[in-house]
Amino acid sequence: MSHSTTSVSQRPASVAAEGWAIELEKINKRFGAVHANRDIDLKVKRGTIHGIVGENGAGKSTLMSILYGFYTADSGIIRVNGQQVDITDSRHALSLGIGMVHQHFMLVDNFSILENVVLGAEDSGLLAPSLSKARAELKRLASEYRLDVNPDAIVEDVSVGLQQRVEILKALYRGADILILDEPTGVLTPNEADDLFRVLETLRDQGKTVIIITHKLREIMAITDAVSVMRQGQIVATLETKDTNPEQLAELMVGRRVLLRVEKGPASPGKVLLEVKDLVVSDDFKVPRVKSVSFSVRAGEIVGIAGVAGNGQSELLEAIAGMRPPLLGTIAVNGQPVSFHGDNGASRLRAAGLAHVPEDRQRMGLVTGFEEWENAILGYQDDPTYGKGMFLDIDAARTQARERIEKFDVRPPNARLKTANFSGGNQQKIVLAREMERNPDVLIVGQPTRGVDIGAIEFIHNQIIKMRDAGKAILVVSVELDEIRSLADRILVMFDGVIVGEADPATATEGELGLMMAGIGATEAAQ
Amino acid sequence: MSARRPIPKWADVTLLPALNLALALVVSGLVVAMIGENPFEAIQVILYGAFGYGDGVGYTLYYATNFIFTGLAVAIAAHAGLFNIGAEGQAYIAGLGAIIVALWLDQTHWLITVPLAIVGAAAFGGFWAFVPGYLQAKRGSHVVITTIMFNFIAAALMIFLLNRVFKPPGVPSLESRIIAEGGRVPQLRQFWSYFGYSPVNLSVFLAIAALILVYVLVWHTKLGYALRVMGQNPTAARYAGMSNSRLIMIVMSISGALAGMVAINQVLGVNNRLVEDFVAGYGFVGIAVALMGRNHPIGIALAALLFGVLYQGGNELQFVMPNVTKEMIVVIQALVILFTGAMEGLFRPSLERTFMLFSPERKVEAVARNTPSTES
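Chains as they are written, first to last, in our numbering: chain A, 597 to 1123; chain B, 2 to 377.
Wrong hints could be hidden among the right ones.
Residues on chain B that point at chain A, a partial pick, calculated with CB under 8 Å [as the list claims (entries may be wrong)]:
1) V166
2) T222
3) K223
4) Y226
5) R239
6) M243
Label pairs and their in silico Cβ distance ranges [unchecked claim]:
7) A:E718 to B:V321: 55 to 65 Å
8) B:L347 to A:P1008: 26 to 36 Å
9) B:L347 to A:D1037: 48 to 58 Å
10) B:L347 to A:G721: 22 to 32 Å
11) A:V704 to B:L347: 22 to 32 Å
Hints are computed from structural coordinates only; laboratory data are not their basis. Keep in mind the model is a prediction, meaning the values are calculated, not measured. Ideal placement from N, C-alpha and C gives every residue a C-beta, glycine not left out.
Next up, chain A with everything else stripped away, as it sits in the complex (with noise of 0.2 Å):
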């Protein structure tokens, strides 16, 4: 902590005026045939936002963890504040006030925001003199940045925003002075994406340094100073973010032009294929999460369900899948109502015509341990397609899987390959792929784009339409509310478990909407 408040004061002159926290040069990586990091050069300005945008794979993280220690380079320099180091350990990183900030949280969940701040830090053995230290650091911290926290809270009854918050001041509390955000926002909602910006804004006017890595467009519009794109391992372009637009940044990640938009006809709906009336639903700990939602979803046409994560879109998906039975209501798919009966509701579901894409792939839709051919029959393994009788077709369901990697353009096209080695997109086109090819009646989408790539979003968007004008009834629920109003047809706002307005994407606007998820009713919000 010392170590780089003294380096930061000690620089020479001539860096400071230059103000390049961070300079690589050259930097290569390559894991066995994997060249994921060719040659890169990349200047930070001190006291700026830099973001850093690529799809899944195009580097980043890895170029991150070379910064933060995690990886050594193969070759190249890097300066920190003008000085050449050798980055050995994340140890390292920190004492030259680098501090990371991961996608998944690396907290103790029944430690309080205190204990989570110190430990690792700790002076002594005695835990009392780092505690009191910690919570006059963290008072100072909290006005000098707007980072208010209570310390005593327990990480796991804050939200996943403030938790975010707990990340940040653990890094700031260890001296960092540059600070690297991967995918910041995956997690959070939009109001608590808001929350995150303003932070960060306030910590660049400190002068601090702060590297964010996303694939939204929209967000490093919204906060960047520059730019870096990256694609297949190589910055391809640094931009002042004022000098450039989505349409252009999409443009370089991808390597070509990309719709950002989605594009689709009107929507003929017909008859009504999934119902739901009066559903109430709990959750695990028997917490009613959904409060009586009823609504249908008519032939030909994407309802999408709009809301922040955690106000009963999960549940409410999970009961129309058939894996969470319902407190009360009906489901009726075809017409025909479902029996909730016992713990294997989904095959029912399925049987009657209904797809699930789930919200969380890797927790749900895939065993992430099997080869690719096993996950795409799961949920359909007892369909003669896979073997007749008691017997596994094991060679038929190969075959079938190879022709829909093909069809889906799953990368590595190999069906032997075990999926936790796919990434993200390409293992929601598995998902995809497996649900969509049973040409159900109705399918239900959780989160269709979560994690993916702009150019497997593209896809998946195109192909969720294309089945909706197949005549398909398609439930499609997402965080994203981007995603929500430019491909449903129609969109339901749920706040607390209950529906609480219905609009119509082409003229609500998101002012409207972001105030109906914030609970306030459709004839309010219009007024």
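Fit chain B to the known structure of chain A by using the hints.
Just chain B now, with coordinates in the frame of chain A:
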């Protein structure tokens, strides 16, 4: 500091167990040396005792038969994410099913009795595992706890039944009446005199059949697919519409039925009567067998053979080296279980590092690291 890369599969299933075994043997050798015997001689005695002559081979196979059954029982439950520690009790209770059929039909032919006894043993053993399965599926009591408790219940119940039901009047020891020829599993020595007086019997073929059956079940049937999904990701199983509760009960029953096959080997193949505590720890060793065999039938067959060697060779060692007492043999067996079972991950990190050093991709990386850095 690089990301961890798993070692190749062949090394995981062969090299790692071999290293663990070697370490176990080294430590055992030290123990033998400490009591003043020559460890190399001891190994020679063990190997000769296990493979050197017909009787020895027969005994080794006989022990391995039991270990295959209990190892498979533990393994199939493990594939479904369940830890069945109750193979001991399940095999014990299965003795009831075996002996009831045998006592009833031993005046007929073994071709009638034994298949029915197999069904009986499977039913009783399966039931003894089904109950913990039911309790976990419907009541949420963890099978690890319940199967352990069921071992004790089984022990008490069997003593009660032996005393009150099966013990013929006037017999002082706790055992049933002896089964007649028509109720016994034929001995291999009846066909091959090579096996001398060893108790290896046709059950060894039942064990081989069980290995194949488990392989087919786990990797080539829909049930096997479902249980592997549940074992690796129960939420995905629910998503896929599988009934986890039903699967738990089915898998536990199959597991118990496999453990129950020990009763065929022991009761109908060796003892020819139901005796107290005939399972003698085979059920518990099955956990180590499954661990060492990576829950795969081929691995289990090899691990079972290894433990057969240790059991038989250990007996021989005790005979040849009087300094090595019965307790010493138990210590050596325990060391092998400790190193191959409980501490099987001991060498994994260093092995992973070694493999990264020698793998071709790693070499490419190293070359790439050295060449461009000279120009920069």
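Status of each hint after checking the structure:
1. The interface hint given for V166 (chain B) is broken, as the beta carbon of that residue sits about 38 Å from the closest beta carbon of chain A, more than 8 Å.
2. At a threshold of 8 Å, the smallest CB-CB gap from T222 (chain B) to chain A is about 5 Å, leaving the interface hint in force.
3. Taking 8 Å as the C-beta contact cut-off toward chain A, the hint placing K223 (chain B) at the interface holds, the least distance being around 5 Å.
4. This hint holds: Y226 (chain B) has a C-beta 5 Å from the nearest C-beta of chain A, less than the 8 Å allowed.
5. Annotation: interface hint on R239 (chain B) holds; nearest CB of chain A at approximately 5 Å, less than 8 Å.
6. Hint status for M243 (chain B): holds, given a least beta-carbon distance of 6 Å to chain A, under 8 Å.
7. Range check, E718 (chain A) to V321 (chain B): Cβ separation about 59 Å, and the 55 to 65 Å hint holds.
8. For L347 (chain B) paired with P1008 (chain A), a C-beta distance near 34 Å keeps the hint of 26 to 36 Å intact.
9. Taking the beta carbon of each, L347 (chain B) and D1037 (chain A) are about 54 Å apart, inside 48 to 58 Å as hinted.
10. Between L347 (chain B) and G721 (chain A) the C-beta distance comes to about 30 Å, which sits within the given range of 22 to 32 Å.
11. A hinted range of 22 to 32 Å for the beta carbons of V704 (chain A) and L347 (chain B) is consistent with their spacing of about 28 Å.
Consistency with the previously given hints fails for number 1 only.
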